[in-house]
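Let chain A serve as the given structure and place chains B, C, D, E and F with the ligands on it in line with the hints.
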Amino acid sequence: MKKKIVLSAFLFSSLPTVTFAAETESIPSIIQSIDMMWVMVATFLVFFMHAGFAMVETGFTRSKNALNILMKNFLTMALGAVLYFAIGYGIMFGDSISGIIGSSHFFLLNAESDIGFFVFQAVFAATCATIISGAVAERMKLSSYLLLTVSMVAFIYPIVGHWVWGGGWLAELGFIDFAGSTVVHLTGATGAIVAVLLLGGRLGKYGDGRVNVIPGHNIPLGALGVFILWFGWFGFNAGSSLSADSELVPMVVSTTLLSASAGVISSAIYSYMKFKQMDATLTLNGALGGLVGITAGTANVSLFGALFIGFVAGILLIEAVPFIDQKLKLDDPVGAIAVHGICGIWGTIAVGLFALEGGLFYGGGLSLLAIQFTGVAAVILWTFVISFMALKLIALPAGIRVTAEEEIQGLDFSEHGSTAYDTKGESFGPANSQPTFGYGLVNRLNSLEAPQKQNS
Amino acid sequence: MKKKIVLSAFLFSSLPTVTFAAETESIPSIIQSIDMMWVMVATFLVFFMHAGFAMVETGFTRSKNALNILMKNFLTMALGAVLYFAIGYGIMFGDSISGIIGSSHFFLLNAESDIGFFVFQAVFAATCATIISGAVAERMKLSSYLLLTVSMVAFIYPIVGHWVWGGGWLAELGFIDFAGSTVVHLTGATGAIVAVLLLGGRLGKYGDGRVNVIPGHNIPLGALGVFILWFGWFGFNAGSSLSADSELVPMVVSTTLLSASAGVISSAIYSYMKFKQMDATLTLNGALGGLVGITAGTANVSLFGALFIGFVAGILLIEAVPFIDQKLKLDDPVGAIAVHGICGIWGTIAVGLFALEGGLFYGGGLSLLAIQFTGVAAVILWTFVISFMALKLIALPAGIRVTAEEEIQGLDFSEHGSTAYDTKGESFGPANSQPTFGYGLVNRLNSLEAPQKQNS
Amino acid sequence: MKKKIVLSAFLFSSLPTVTFAAETESIPSIIQSIDMMWVMVATFLVFFMHAGFAMVETGFTRSKNALNILMKNFLTMALGAVLYFAIGYGIMFGDSISGIIGSSHFFLLNAESDIGFFVFQAVFAATCATIISGAVAERMKLSSYLLLTVSMVAFIYPIVGHWVWGGGWLAELGFIDFAGSTVVHLTGATGAIVAVLLLGGRLGKYGDGRVNVIPGHNIPLGALGVFILWFGWFGFNAGSSLSADSELVPMVVSTTLLSASAGVISSAIYSYMKFKQMDATLTLNGALGGLVGITAGTANVSLFGALFIGFVAGILLIEAVPFIDQKLKLDDPVGAIAVHGICGIWGTIAVGLFALEGGLFYGGGLSLLAIQFTGVAAVILWTFVISFMALKLIALPAGIRVTAEEEIQGLDFSEHGSTAYDTKGESFGPANSQPTFGYGLVNRLNSLEAPQKQNS
Amino acid sequence: MKKIEAIIRPEQFQQLRIKLLEIGIDGLTVYEAAGCGKQRKKQGVFRGNPFELQLEPKVKVEMVIRKSLYEQTIQVIIEACSTGQVGDGKIFVSDVEDVYRIRTGENGTQAII
Amino acid sequence: MKKIEAIIRPEQFQQLRIKLLEIGIDGLTVYEAAGCGKQRKKQGVFRGNPFELQLEPKVKVEMVIRKSLYEQTIQVIIEACSTGQVGDGKIFVSDVEDVYRIRTGENGTQAII
Amino acid sequence: MKKIEAIIRPEQFQQLRIKLLEIGIDGLTVYEAAGCGKQRKKQGVFRGNPFELQLEPKVKVEMVIRKSLYEQTIQVIIEACSTGQVGDGKIFVSDVEDVYRIRTGENGTQAII
Ligand SMILES: Nc1ncnc2c1ncn2[C@@H]1O[C@H](COP(=O)(O)OP(=O)(O)O)[C@@H](O)[C@H]1O
Ligand SMILES: Nc1ncnc2c1ncn2[C@@H]1O[C@H](COP(=O)(O)OP(=O)(O)O)[C@@H](O)[C@H]1O
Ligand SMILES: Nc1ncnc2c1ncn2[C@@H]1O[C@H](COP(=O)(O)OP(=O)(O)O)[C@@H](O)[C@H]1O
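Keeping their order, the protein sequence lines are chains A, B, C, D, E and F.
Counting in the numbering used here, the first sequence runs from 1 upward without gaps.
Counting in the numbering used here, the second sequence runs from 1001 upward without gaps.
Counting in the numbering used here, the third sequence runs from 2001 upward without gaps.
Counting in the numbering used here, the fourth sequence runs from 3001 upward without gaps.
Counting in the numbering used here, the fifth sequence runs from 4001 upward without gaps.
Counting in the numbering used here, the sixth sequence runs from 5001 upward without gaps.
This is chain A alone, in the form it adopts within the complex (with noise of 0.2 Å):
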């Protein structure tokens, strides 16, 4: 290939390629172009979320954990994408089945030239199973967490996906959901709901009726996260159009941006008001909130809704995580099921309330909002029920949970057997033990070289 005579397409307009062999055809051939183009930047930013998510998880977890929950994330991505090829776009856009589920297209067979919108897709699908890896890290066994993730993006989701995107029954009824705050969030949330039900809390978390503080270990990793994830999240939302809508698309990046700004603040200042300190973490999970909360309505919303979206999406997650974590005894690390399931579901119903054409507020009636709910209760009831079913399964031969030893010792060592930090110098094989406790003067002296001539 000779790169050199490719390049002068676009430089010198001699257009010798095949794409734009025939002017006359051009047009639509630009125009599909245009909107390719704009959907492959969608797809790259949605995969860097994994990153992001990868991030937060990990720095608000314990350093014994860090390997595994890496590892959970990578695998759910590389699961999510095969399996998505394999059944999941296939049951999410094949022929419908009653508007219940798609029938064709598995392994995209005669669809081939849907694979942009499949790829697209694809690292959507995986979005929703990595929500759960957050809220039962640190004592799910990876085989089981991984079990729960096929069954997630092969089923589960796509289930839900062709209800709403796949021109399925929620479709017909007029459900609004444009990137995803049920159809991805809210679904991955009731998953975890399910998983953390059923797998308890982290050793030491809950005990002699107190709730233990297990703070996590690296928060400006999870704050990179968190950027990550508020840069990718202009991809999942403004990619959503499809098309480089030259109106809608920045309609969409502001309202995405108006609202997770609305979060960060209200839940900086909501969580002043209440603990008396900024809570920083909180804060993070704000930024999320803000962000799941405004996926729905993002193309139906003017900018002053999405401000409102936002900071109520910022105020309801303080008040949720608190919640959950004390009073419903729910050991959710990170925070998952209040970003993504809380304001999953306000982000939802704030559509019927807030849709320019539609919504409440904006003399729409109460119809729309009766759908908004109907969706959430209809995806709420499917994933609990079915996740519920698929994990019982999953913990028949030997449980999900991994033994309280290894717990004690650590996912890393476990698991993958070795750690994540400074092997050379911290911390290294954690054996039946605490943390990191003691281990950096243990493994920086297991690992002291010889002396070396020159310095002795």
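These aren't lab readings, by the way, just hints derived from the structure by calculation.
Fair warning: there could be bad hints in the mix.
[As the list claims (entries may be wrong)] Label pairs and their computed distance ranges (CB to CB):
1. B:Leu1360 / C:Glu2172: 18 to 26 Å
2. D:Glu3052 / F:Gly5105: 26 to 34 Å
3. B:Arg1210 / D:Gly3024: 21 to 29 Å
4. B:Thr1374 / C:Glu2112: 28 to 36 Å
5. D:Gln3085 / A:Phe384: 42 to 50 Å
Where a beta carbon is used, it is the ideal one built from N, C-alpha and C, also for glycine.
Same frame as chain A, now just chains B, C, D, E and F with the ligands:
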């Protein structure tokens, strides 16, 4: 919404979307789409620069203040977006009153169709404010910093922006600042100087005539931040073209790449010559210096000009950082004043020398150079005076600096109630003492769990 | 410049810009814009891969050498860009002398309009050199490494590039390497082999017949690096199309995603089978192996082919890393030789098997396969011989390896005078001793501030 | 006055602290340590290379006590920290000549707590 | 020869080091420690959950000195490290039988420094 | 029973451990430390500011041994850890009254190892 259907727009060109309804109207609408897409991609990149700033500022300062710096960065972005929407945009791009100040389009009223341009400008605006957060790190009250951010984003910066980009008097004069060496960087740096002057150095920085070293706690994170900034800078500069001009954009991208590269090389070499060691953090600053330097002239100079500008920026930086730190005794933990101020001035002036049209070295005489000087002087004067007044006002109720006790224990614990790292295994709650000293042990002990049956 | 006015170009289509002056010329110019935009987006992504390399290399090595590795990465990028501008581009894409070497367009002379293509190629070129920095980490002199980088970017790599992408003899032969499994990755890896052969292992790595473990100090940072690389790789592969071809690009993106995913899955499973533990860092390498593997054939194989290529790459990698480390005793801290070399060869050969046109498995016979083998052999031979000669020359004055004393104390302190972490609270200046051992305490003590009135 | 130095497993520390409080010992100082003894070594694997940990993490709890508390303290430590597995650690008892309280300058038994 | 072990606040360390140098004590070894005593516990809040710190960071400064310096050293430590707040720490004095300098093998008082 | 505390260079530790094993000493406890003595101070530079390291990293190896092993142990430590450069460290020897094995509760010499 049936995404599948919408999709066909870009796959089969059956074009059922509104945007491309009539083919006869297509060409202008296509151009709109293309330009919109370019500006949106740039918007995402500029947004992502905030992650870069956050990482540089976190990595270059002490771990006991990491949460605080992260919060400042998130809140700057969030407040920036909301305030720029409410006020800033109107002042910057509203109808001009005598070339001094814009006066319409607040809340984007009657400028709804400017939304793509607005969102690009909004992420720019926040950049200007965030420059300050690095310089004032580790000692400024969060509340005072936020009030300063409000003044910057809502007033000080938009005025400068109006003068240069909003058709104001500097624009009329012919002042060239393509992407903001002066408008964004110098404005931010001038604000930083004022704040640092009023704050004073960090405790322990200047004492008994000595200048103490207070090194950053995580340079790799800072280096990642520099890479992210460089990555985002392509959007910052190339997005400022506002259209996907196939000649201008690659030129801008190339000058940006080469100037930054030259900045890296010259700061590495020059620091080696000056200190007999190749200083790592100064070289990282050198990359940023090269980027700030080229920002003004990125569209107006040749590739050779870009190399020269970056090269000089790197050397200036190595001279400026110790000068500011040791001679001026302005305690700027991350080198923001040198990077954004000194290199910002250099870059702006350099346009008067290297601009292919009008530059002194290309036979353009002294007039452009004089204009560039005027612009620099005007912006420094304006920003200095107003931010000085703003800070004096902000300081009225209770000062802008945390108490010495809070500073010693770290702003993370005093302002946010917890700490950034390994709260389960390393640095929990700094109390009335030094950085992380001794906390490793303390907190690992504080948080040891009761022994588990399995291993007892 | 009044941005507001320029903006209207994309908002109101009043089109006062030069680019789109005449509507009749619009279609070619629009196509130029689109293709340019695509290549620029890809350029940014490929640039960002350097952040990924830097993080992987930093995370997978010891903390005492972190600054040094970061500097190597920054300087590689910087030198790469400048040298490729001066010399490399001319050799690679200048007028060909017998298909062996290009001979014009140095400093882009008479090729000013190639600038977009140049800048894309420039970030590619630096990639090739940066591969080496990981393999030689923790012991190679910075100066020697930089001289090697100069030879790679200015000569060795551009020659290979000329053969394959510049219309040289391999291109004539029909050799297929769409985005550079061989041109970029194998060339880099061959240089790495030579350098590692001449350097020898790190102190303490091989002793008394044992192979010691020297683990990396921050795997989460390394994992983030892998995500960044994967993200950037979409630009690497899909940008190599050089035009926004709406059929080719989504195909390339999908094969890239699926191959990397398959690499993750197979390396995770296979490491589990082989070591009874799912090795985390090898799985991270597995993702990269899948990416390197698909790079050659990304535009020429089917989705199933991509899955297969990635799957095999992941397994090859798990076999190759211990083989190179333990059998060949080539000490490659980050696994660069296995990832870029072994998987690079596999990917190139695999085109001969899986190419839809010409591949053995698609009835294309053996001819393409033979050509692919020829290309691989030629590139290895050329790179090996010349980089061997180059390194021997570089070694003449004073060797290419730091002294044992410097190696023990860490290159950060010996080459850069300070250290990467927590200099205020953890690891200040390693002196004549082991990694970070004991420095935690030492430096926190060294840098304690005098007591403050407030708490005394 | 006796100095008691107990080398224990890190995970037993919190329990020991609580038990000591119960018998009135609330002044103690703790150090991070690494120990090597008869305890079986742990195995790990990194990039296909197996490795062995030669040292185990330990904690040293150091307290100076009145002679009268000696027996009881030893008893409490053994109770709180014994798991029956090799590696539980040791207690060293030695003599202390004098103790000063830095805050007040007082010394002798009244300085202990 | 006496062994002086001073458990002090980390932030007083540099001052102590300088004061000790002034009276000619330049050999000392320092350890990171965590202490628990009468000092009031600190409170924090994380994600809405309040928590309490049970231990405080301390530093142990250990030095072996000639008997003749004993009184003066104690005096200097108390001066340099006393803040008057609970938590200032303790000094333990004990006997050392012998000291060796590893470099030369010499022992007794001439090995101290 | 004697308590031997050796303050050594970190990089000599592994060699010492192996040599001690050879004479049958396999029980020991190690601490991270920082020392200050006659050793020449190191210089660094950060952002153009030179700085000096006032303390050096050290390791304390602590072992309680039977009296009979005393001489030999000192000998081994000096051999294994002496480099001839200033900064090699010190050995402190002191008396231990009793030793308990936490696991079994036994005390006296049979508890040592
Ligand atoms: N003679 C000794 N001197 C100092 N410390 C010792 C000695 N013997 C054992 N230790 C410490 O006690 C710990 C436990 O000893 P070990 O022999 O493994 O088990 P146990 O005490 O149950 O017999 C060791 O890890 C070490 O820290
Ligand atoms: N009996 C003791 N044995 C060992 N260390 C002690 C003892 N009592 C106090 N300490 C150490 O001294 C520190 C200060 O003691 P504390 O009672 O808080 O204050 P003060 O010394 O001012 O009375 C403690 O944190 C602990 O490290
Ligand atoms: N009097 C002392 N008390 C406690 N530790 C000491 C004493 N003198 C020296 N040390 C320790 O021994 C180390 C080496 O001492 P130094 O005087 O530098 O070298 P050398 O032991 O070779 O004479 C010091 O860093 C310190 O940790």
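Hints, one by one, checked against the model:
no., hint, result
1, B:Leu1360 / C:Glu2172: 18 to 26 Å, "violated, 49 Å"
2, D:Glu3052 / F:Gly5105: 26 to 34 Å, "holds, 30 Å"
3, B:Arg1210 / D:Gly3024: 21 to 29 Å, "violated, 48 Å"
4, B:Thr1374 / C:Glu2112: 28 to 36 Å, "holds, 32 Å"
5, D:Gln3085 / A:Phe384: 42 to 50 Å, "holds, 43 Å"
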